[in-house]
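Top line first, the protein sequences correspond to chains A and B. Residue numbers 5 to 509, in the working numbering, belong to the letters of the first sequence in order. Residue numbers 360 to 695, in the working numbering, belong to the letters of the second sequence in order.
What the hints contain is simulated information worked out from the structure, not anything from laboratory work. In this text, all values refer to a predicted model and were calculated from it rather than measured experimentally. It cannot be assumed that every hint is accurate.
As the list claims (entries may be wrong) - Here are the computed distance ranges between Cβ atoms for each label pair:
hint	chain 1	residue 1	chain 2	residue 2	range
1	B	R599	A	M138	33 to 39 Å
2	A	L418	B	K427	38 to 44 Å
3	A	Q16	B	D505	54 to 60 Å
4	B	A519	A	M12	26 to 32 Å
5	B	A693	A	F19	56 to 62 Å
6	A	F199	B	A693	52 to 58 Å
7	A	Q9	B	E424	40 to 46 Å
8	B	D430	A	I51	23 to 29 Å
9	B	D501	A	D250	32 to 38 Å
10	A	G345	B	N391	43 to 49 Å
11	A	A141	B	R599	38 to 44 Å
Note that beta-carbon positions come from the ideal geometry of N, C-alpha and C, so glycine has one too.
Chain by chain, the residues:
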Amino acid sequence: MDAFQGLMSGFQVAFSLQGILFVFIGVFVGTFIGMMPGLGPISAIAIMIPITYSMDPTVALVMMAGVYYGAIFGGSSSSILLNAPGVAGTVATAFDGYPMAQQGKAGKALAIAAIASFTGGTVSVILLMLFTPMLSAVAVSFGPAEYFALMFMGLTAISSLSEGSTIKAFISATLGFIVVTIGIDSQTGTSRFTFGNPNLLEGIDFLVIALGLFALAEVCTLVLNRKDDTMSNNKELGSLRISKQDMKEMRGPMTRQSLLGFIIGVLPGAGATIASFIAYITEKKMAKNPEEFGKGSIKGLAAPETANNAATGGAFVPLLSLGIPGSGTTAVLLGAFLVLGVQPGPLLIQDRPEVFWGIIASMYVGNIFLLILNLPLIPYIAKVLRIPRPMLISLVIIFSLIGVYAISFNTFDLYLLVAFGIIGFLMRMVSFPAAPFILAFILGGMMEQALRQTLTISNGSLSIFLDKPIALTLIGVSLLTILVPLFTSKRKLTEASPEKQKNIS
Amino acid sequence: MKKILGTAAAFMMLLTAGCSSQSSSGGNTSENGEWTPSQPIEITAPAGPGGGWDTTARMASQVFEQEKIIDKRLPVVNKAGGGGAIGWAYVAGKEGSPHHMFVGSPPLVLVPLNGQSEYGYDDFTPIANVIADYGAFVVKADAKWDNLNDLFEDMKKDPASVSVIGTSSPGSMDHMQFVKIAKAAGVDVTKIKYISDPDAGGLTAVLNGSVDVYTTGVAETIEQVRAGKIKVLGITSEERLEGEVLSDFPTAKEQGIDETFINWRGFFGPPNMDPAAVEYYEQKFKELNDSPAWDEIRKKYGWGELYMDSEEYSEFLKIEAEDMETLLEELGLARN
Numbered sequence: 005m006d007a008f009q010g011l012m013s014g015f016q017v018a019f020s021l022q023g024i025l026f027v028f029i030g031v032f033v034g035t036f037i038g039m040m041p042g043l044g045p046i047s048a049i050a051i052m053i054p055i056t057y058s059m060d061p062t063v064a065l066v067m068m069a070g071v072y073y074g075a076i077f078g079g080s081s082s083s084i085l086l087n088a089p090g091v092a093g094t095v096a097t098a099f100d101g102y103p104m105a106q107q108g109k110a111g112k113a114l115a116i117a118a119i120a121s122f123t124g125g126t127v128s129v130i131l132l133m134l135f136t137p138m139l140s141a142v143a144v145s146f147g148p149a150e151y152f153a154l155m156f157m158g159l160t161a162i163s164s165l166s167e168g169s170t171i172k173a174f175i176s177a178t179l180g181f182i183v184v185t186i187g188i189d190s191q192t193g194t195s196r197f198t199f200g201n202p203n204l205l206e207g208i209d210f211l212v213i214a215l216g217l218f219a220l221a222e223v224c225t226l227v228l229n230r231k232d233d234t235m236s237n238n239k240e241l242g243s244l245r246i247s248k249q250d251m252k253e254m255r256g257p258m259t260r261q262s263l264l265g266f267i268i269g270v271l272p273g274a275g276a277t278i279a280s281f282i283a284y285i286t287e288k289k290m291a292k293n294p295e296e297f298g299k300g301s302i303k304g305l306a307a308p309e310t311a312n313n314a315a316t317g318g319a320f321v322p323l324l325s326l327g328i329p330g331s332g333t334t335a336v337l338l339g340a341f342l343v344l345g346v347q348p349g350p351l352l353i354q355d356r357p358e359v360f361w362g363i364i365a366s367m368y369v370g371n372i373f374l375l376i377l378n379l380p381l382i383p384y385i386a387k388v389l390r391i392p393r394p395m396l397i398s399l400v401i402i403f404s405l406i407g408v409y410a411i412s413f414n415t416f417d418l419y420l421l422v423a424f425g426i427i428g429f430l431m432r433m434v435s436f437p438a439a440p441f442i443l444a445f446i447l448g449g450m451m452e453q454a455l456r457q458t459l460t461i462s463n464g465s466l467s468i469f470l471d472k473p474i475a476l477t478l479i480g481v482s483l484l485t486i487l488v489p490l491f492t493s494k495r496k497l498t499e500a501s502p503e504k505q506k507n508i509s
Numbered sequence: 360m361k362k363i364l365g366t367a368a369a370f371m372m373l374l375t376a377g378c379s380s381q382s383s384s385g386g387n388t389s390e391n392g393e394w395t396p397s398q399p400i401e402i403t404a405p406a407g408p409g410g411g412w413d414t415t416a417r418m419a420s421q422v423f424e425q426e427k428i429i430d431k432r433l434p435v436v437n438k439a440g441g442g443g444a445i446g447w448a449y450v451a452g453k454e455g456s457p458h459h460m461f462v463g464s465p466p467l468v469l470v471p472l473n474g475q476s477e478y479g480y481d482d483f484t485p486i487a488n489v490i491a492d493y494g495a496f497v498v499k500a501d502a503k504w505d506n507l508n509d510l511f512e513d514m515k516k517d518p519a520s521v522s523v524i525g526t527s528s529p530g531s532m533d534h535m536q537f538v539k540i541a542k543a544a545g546v547d548v549t550k551i552k553y554i555s556d557p558d559a560g561g562l563t564a565v566l567n568g569s570v571d572v573y574t575t576g577v578a579e580t581i582e583q584v585r586a587g588k589i590k591v592l593g594i595t596s597e598e599r600l601e602g603e604v605l606s607d608f609p610t611a612k613e614q615g616i617d618e619t620f621i622n623w624r625g626f627f628g629p630p631n632m633d634p635a636a637v638e639y640y641e642q643k644f645k646e647l648n649d650s651p652a653w654d655e656i657r658k659k660y661g662w663g664e665l666y667m668d669s670e671e672y673s674e675f676l677k678i679e680a681e682d683m684e685t686l687l688e689e690l691g692l693a694r695n
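If we strip away everything but chain A, and leave its shape as in the complex, we get (with noise of 0.2 Å):
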């Protein structure tokens, strides 16, 4: 069996000193660029290139493959602490970790989202050497119509983002798709909303958003509530420990978005976050107490963390074998092989056996690093709680600031952040929650972008929606979730309470 010998010398590679070491540096700078906010892989990696110049191309890949699935892996830290996501894919894991954090279980949920990301992260790379020869084909199925499909669905999460008042998610999520519009209009080469300011011309970095929403309103909220002492039992760490039935809990979220989440990861272009918004919304569908959601459910924080490192390992399928980068990290990475003489594509498996079945070889031991190194320093991760509150809030800030200005060493997108965090505050002031805002500016880009692409091929006709079997199951799926809700809520309606229409108007 040949695909058993590859993976056997894979492990050789993956096995012998100097992949162990590099593996172990590669996750290690992850995890650590990871828990810092702003700082991403893009950058880590592009750095590093130079620097493995002259080494062994296989030993190299599988340092800098690391650094990749390490940020992902390390990023849940910064969201469960602090409120600040550390890299895009794990905004959703802020939505039930940081409400976990501040009960006092701040313990739990990290190891919680280890490991969920250990499981995500494994199963992945278990799907990814079984069956990546076979799902490149499922990597370039999807064209515009496809992908504006599976934003349409994404977008059915706005409903199930919103805390009270679905009327608020809407316009909160319109305002995220106003925004998103800011910039070079990449169809027509037209600059949008920008009023002749050259700063706006690429649009507003996903990073100020979530940092100015996220970090900044809640150390505003913070310091608005600095007397309230009912908050102090968030200093705790509480047990790490994870129960029995906590465990049966996280079983179903994990296992289902191990699968969902890789195969999202698959399609170039999706990716770790829209993963992550994806299962976080599926669970909360499926499961029997929705309301938990939001307020600190153990399933609605495994399933993003699961999905979100899941889909890190489905990146690597379009990357090895076609060449074709899913995302800004993969694309740097892919700058990467080829600096190193190796060209991935549908011939690397044959050309460069060592090379692909060494990268998936080590992934393996790289997760297991990832957990023994995670595991052990949640008490001192979780110390951050511990430092006094001024102390912490001028950290997040400073941390959020340096995140920001690292992305293009722009003093521009500093007063965005500013921005941001001012109409953050001021939304959580009157209730608005931020989420559905963050997932229509990740959406709606993509989703603007392929519908006019779909629009251009068809010749203006809607119809070709039609024409394609999987968009149209897509658009299917999200209708029906848009649709019964209604229908049962209706018939409801006549029982129920008052507060509970509520919720419906």
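With chain A fixed as given, assemble chain B onto it according to the hints.
Here is chain B on its own, set in the frame of chain A:
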């Protein structure tokens, strides 16, 4: 954790400190008028890390330093945003400084013509061109067209029957290289159905049949051609390129379409750079261009060689800009 945070903050401060090296004109001019740099030379990549501009800047800096062609440090800074406009504005602000330069390529001509940058190629001092890349037009392996003429015949009959995808937005490089060749073949270029996919989904869209033609760089096509997934109908170079697979790609020219498109890449100084300094750098870039270390890098990245000194470069850019302006005006995309 506190400690880690502390070290990280210190590290970041170092990083940012390194990026804000002071600027001033100066340098040492000897009695016979020869100029030499007196401080580190900052190379701006007007984009984020990892792309073509950034790679060119970093590799040039590396070879200059390691081969001791220039005995000063050459730090690279990234000024991303506005498709280059942010970085250009930054270098334009260093007027007269002989210790600043940046990497430029066709967007330096195209972006200002599209009305998206205040500064264009003619605001800066061309130092030297070093690299040339070429465009390739790609279709799925089982597509009905076998050469550019087949494709352009169909497009002449009905331009809207064929969809073309590229990474950059309309009026920028991927689009213009296709338009330039198609126009020479007699296609009504105002009716070409061009789709932009900034997330680099062009190859995917051609492989799954959503779009017919993918316009991209030559190097990006090699692996898929070797795997038999796509075919290259034509490339935009003057003559066939050298190399395995590469030498099989027919040029547009040999198919009877008398037109070329060069994706040139070179270095520019701020406005009004001291001619003595330009002369110095010209010489150094020539040495870089002829060094074995640079040759190795060229091979590694699949870059072609195209050296032009400051004067040749200025002439070339002028013609290039006129060509592009005419085309953009015809497309209705010029905004000046």
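**Report entry** Hints the structure fails to honour
**Finding:** The structure breaks hints 3, 4, 6, 9 and 11; every other hint is satisfied.
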